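Numbering (this note's numbering), first residue to last: 65 to 367.
Hints are not guaranteed to be accurate.
[Stated by the list, open to error] Cβ pair distances, simulated, as ranges:
#, residue 1, residue 2, range
1, Tyr285, Thr149, 40 to 48 Å
2, Glu366, Gly192, 45 to 53 Å
3, Glu137, Glu90, 34 to 42 Å
4, Gln176, Gln114, 33 to 41 Å
5, Glu184, Phe326, 12 to 20 Å
6, Pro307, Glu339, 31 to 39 Å
7, Pro193, Gly126, 15 to 23 Å
8, Asn127, Asp327, 22 to 30 Å
9, Gly117, Gly160, 14 to 22 Å
[Unchecked claim] Taking lysine to aspartate or glutamate pairs in the EDC-like style, the calculated list, with each CA pair at most 20 Å apart, reads:
#, residue 1, residue 2
10, Lys262, Asp229
11, Lys361, Glu339
12, Lys324, Asp269
For the record, the hints were derived by calculation from the structure and aren't laboratory data. What you are looking at is a predicted structure, and each value in this text was computed from that prediction instead of being measured. Heads up, the beta-carbon is just placed ideally off N, CA and C, and yes, glycines get one too.
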Amino acid sequence: MLFLVGALAGAAFLGFFHPRSIRGGESISPFVEMADHSLQELSGLVASRQFPGVLWAHSDSGNEPILYALDTEGGSHAIELENVTLRDWEAIALCGSKLYITEMGNNLNASQKLGVYEFEEPDPKSPGPLRPERFLSVSYEDQQSFPARDRWHFDCEAAFCSDGDLYFITKNRPAFRLFVQEGGANLYRLDMSNLGDKNVLRRVDSMDGLGGWVTAADISYDGRRLAMLVESPQQSIWLFEKPESGNKWFSDSPGVKRYKFFDGGQLESLAFVGEGESESLVMLNEERQMFRVEMDKFDSVER
65 MLFLVGALAG
75 AAFLGFFHPR
85 SIRGGESISP
95 FVEMADHSLQ
105 ELSGLVASRQ
115 FPGVLWAHSD
125 SGNEPILYAL
135 DTEGGSHAIE
145 LENVTLRDWE
155 AIALCGSKLY
165 ITEMGNNLNA
175 SQKLGVYEFE
185 EPDPKSPGPL
195 RPERFLSVSY
205 EDQQSFPARD
215 RWHFDCEAAF
225 CSDGDLYFIT
235 KNRPAFRLFV
245 QEGGANLYRL
255 DMSNLGDKNV
265 LRRVDSMDGL
275 GGWVTAADIS
285 YDGRRLAMLV
295 ESPQQSIWLF
305 EKPESGNKWF
315 SDSPGVKRYK
325 FFDGGQLESL
335 AFVGEGESES
345 LVMLNEERQM
355 FRVEMDKFDS
365 VER
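Could you put the whole structure together from the sequences, leaning on the hints where they help?
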């Protein structure tokens, strides 16, 4: 630990900084603000399929462990969570009738207590409390030291479910440069058909040139599109069509699009809502503001 503190202190003198925002693309404005002012640092967002109109979100580190049922008119209902530890929750994903909240925040790339809480999706009006069915302990297959010494690629704020498996997208930094972003991300897969006491995340893909840190992701209702939110310095959403085979969503996607914007505040939540002609994306920032992005806003990206 002394080694880590010393290294971080040294890094401060070598240009420890937070990336300056770029005002590229178009300015966006919220269409609603959550009415409950007690909602603080909501992280993660996914739309229920079982309960139309419901968006699931959760509290972040420093708050009580709460699952929130939100709607797009500013309403919310809190469900207390029991038998859980909230260290650094960052994302929520839906697989069938199961909700997964990720304990994957790992800013210093030193945690050996990463994992995912599995819940049965509750009635959004449930008084609670809600308890997890299990905790899936995970580790990255290519992390050998804690903290990682050569690259800090083991922090994660984005997760989604595809074909029954969970996927995780990393937030990459140079080693010991906490506020320096690399603009790339790695994609890892958790094989949900082969779980044990210890579960290894297998790296399946990577991508550079994203323009910032990945802070959220979601899969469309039909499973054919992956949306990925990127923060700082350039706010944007990337849209990937599902590969014809395999799970290399970045490398093998037959179609990639991007939407650049600014004035979104601190955004760490993204979700598909609706399907077909009514499909759109919503984002929620830490100031309780909700934004909508229509699918015709995206421009194709040359590969």
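Item to check | In rising order, the numbers of the hints this structure does not comply with | outcome: Numbers 1, 3, 5, 6, 12 - these are the hints that the structure violates, sorted from lowest upward.
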